[in-house]
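Novice: Below, each chain spelled out in residue letters.
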Amino acid sequence: MVELNNVIHQPARLRIMSSLVTLDPGEQIDFTYLRNLLKLTDGNLGAHLTKLEDAGYINIEKTFVARKPRTFISATGKGRDAFETHVAALEQILKGSQK
Amino acid sequence: MNVSQEDARESLTMIKATSDHTRKVVASSYASGLLILWGLIWVVGFMSVHFYPRRVGYIFNTLNAIGIVGTILICRKWPHRVATKTPASQNIFWRIFGLWFLLFAFASLWLLLLTPSKGIQVCAFFCTVAMFGYVVIGLWFGSYFMVWLGLMVTGLTFLGYYVFPGYFYLWMSPMGGGALLATGIYIRVRWR
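Sequences listed follow chains L and B, in order.
To convert, note that position 46 of the first sequence is 47 in this note's numbering; the numbers rise steadily by one, no gaps.
To convert, note that position 179 of the second sequence is 276 in this note's numbering; the numbers rise steadily by one, no gaps.
Keep in mind the hints are simulated off the structure, nothing from the lab.
Note that beta-carbon positions come from the ideal geometry of N, C-alpha and C, so glycine has one too.
A few of these clues could be false.
[Claimed, not checked] If you want the footprint, here are the derived chain L segments under chain B, 3+ residues with CB under 8 Å:
hint	stretch
1	10 to 23
2	87 to 93
[Stated by the list, open to error] Quick list of in silico lysine to any residue cross-link-like pairs, SDA-like style, CA-CA up to 20 Å:
hint	chain 1	residue 1	chain 2	residue 2
3	B	Lys113	L	Ala56
4	B	Lys121	L	Leu41
5	L	Lys96	B	Val100
6	B	Lys113	L	His10
7	B	Lys121	L	Gly27
8	L	Lys40	B	Ala114
9	B	Lys121	L	Thr23
10	L	Lys40	B	Val122
11	L	Lys40	B	Asp117
12	B	Lys121	L	Leu39
13	B	Lys113	L	Leu95
14	L	Lys96	B	Asp117
Next comes chain L alone, as it looks inside the complex:
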């Protein structure tokens, strides 16, 4: 039986992880771009990213592009595995094999 993941299951974090795992491994998305894509506020996105980073599911890289500070986010291997397991658990529930 596959376990649901408490950290990932929260709706905003589920959407963040869905976006990040859609990118190719190693590819990073800009913070502002992700915020606009998911229609979240800076504070809301930042708080959820911190929780995901603490769990080791994402990597946050702060850098400078053309002398402007930029933050790039990517899913880690551990995060991709956890997301895959979580989706498998949801699918199991849907099939009625887990209560």
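Model the placement of chain B on the given structure of chain L, informed by the hints.
Specialist: Just chain B now, kept in the frame of chain L:
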């Protein structure tokens, strides 16, 4: 953690919707710019050739040079907007560049074999070659709008060539260039 079947269904639907939206937004960040650029080039190019048919070579060589420079600038800017450069994205850039380069190199060789006698034959030939490139890239990345766009403009090219040969360039300006331009604007507006 207890989750009902209904909650699980909603979560899976949300995952799929977010994933699809991300894919579209990432694709739109470069595809819209390229489609608008090449749409404008086709609109201006075909319109100019209709009025100055003897300058067809000069017009399209100039516009294609502008298009190639613009394409490189858009593709180089894209990774900074969406993602940092990774070896994978760099590889894809060079593979796409290689595809277009080889496609048009082969098309130029085919032209030597086919020896078309009319200007509109050359234009229709290169339009369909370019649209073949769109179809290949669409299949490569799973962007089906690119496949449909390529097939639609190819159909419109054939329609113009056989039904309105006297107005082919005037036809291709809004139908070929306009289709690329409209698709680029649609993606930019609707896929954000």
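Novice: Okay, the stretch 87 to 93 of chain L and chain B, do three or more residues pass the C-beta test at under 8 Å?
Specialist: Three-residue rule met by the stretch 87 to 93 of chain L, so holds; n is 3.
Novice: Just to be careful, I want the Cα atoms of Lys40 of chain L and Val122 of chain B compared with a cutoff of 20 Å; is the pair within it?
Specialist: holds, 13 Å
Novice: Taken at face value, is the distance from the CA of Ala114 of chain B to the CA of Lys40 of chain L at most 20 Å?
Specialist: holds, 14 Å
Novice: Hinted pair, alpha-carbon criterion (20 Å max): Lys113 of chain B, Ala56 of chain L. Please report holds or violated.
Specialist: violated, 23 Å
Novice: Is Lys121 of chain B close enough to Leu39 of chain L, meaning Cα to Cα at most 20 Å?
Specialist: It holds: about 13 Å lies between the C-alpha atoms, which stays within 20 Å.
Novice: Do the alpha carbons of Lys96 of chain L and Val100 of chain B lie within 20 Å of each other, as the hint requires?
Specialist: holds, 13 Å
Novice: Does the stretch 10 to 23 of chain L contain three or more residues whose Cβ lies closer than 8 Å to a Cβ of chain B?
Specialist: With 8 residues close enough to chain B, the hint holds.
Novice: Regarding the pair Lys121 of chain B and Gly27 of chain L, is the alpha-carbon distance no greater than 20 Å?
Specialist: holds, 19 Å
Novice: Does Leu41 of chain L sit within 20 Å of Lys121 of chain B, going by the straight-line distance between their CA atoms?
Specialist: Distance of about 18 Å is within 20 Å: holds.
Novice: Decide if the proposed pair is consistent with the structure: Lys113 of chain B and His10 of chain L, CA atoms, cutoff 20 Å inclusive.
Specialist: Holds, at roughly 14 Å.
Novice: Hey, Lys121 of chain B versus Thr23 of chain L, does the alpha-carbon distance stay inside 20 Å?
Specialist: With Cα atoms ~11 Å apart, Lys121 of chain B and Thr23 of chain L stay inside 20 Å; holds.
Novice: Would you check the hint for Lys40 of chain L and Asp117 of chain B, treating anything up to 20 Å between C-alpha atoms as holding?
Specialist: Satisfied, since the Cα-Cα distance of roughly 15 Å is no more than 20 Å.
Going down the numbered hints, you'll see the structure goes against 3 and 14, while the others check out.
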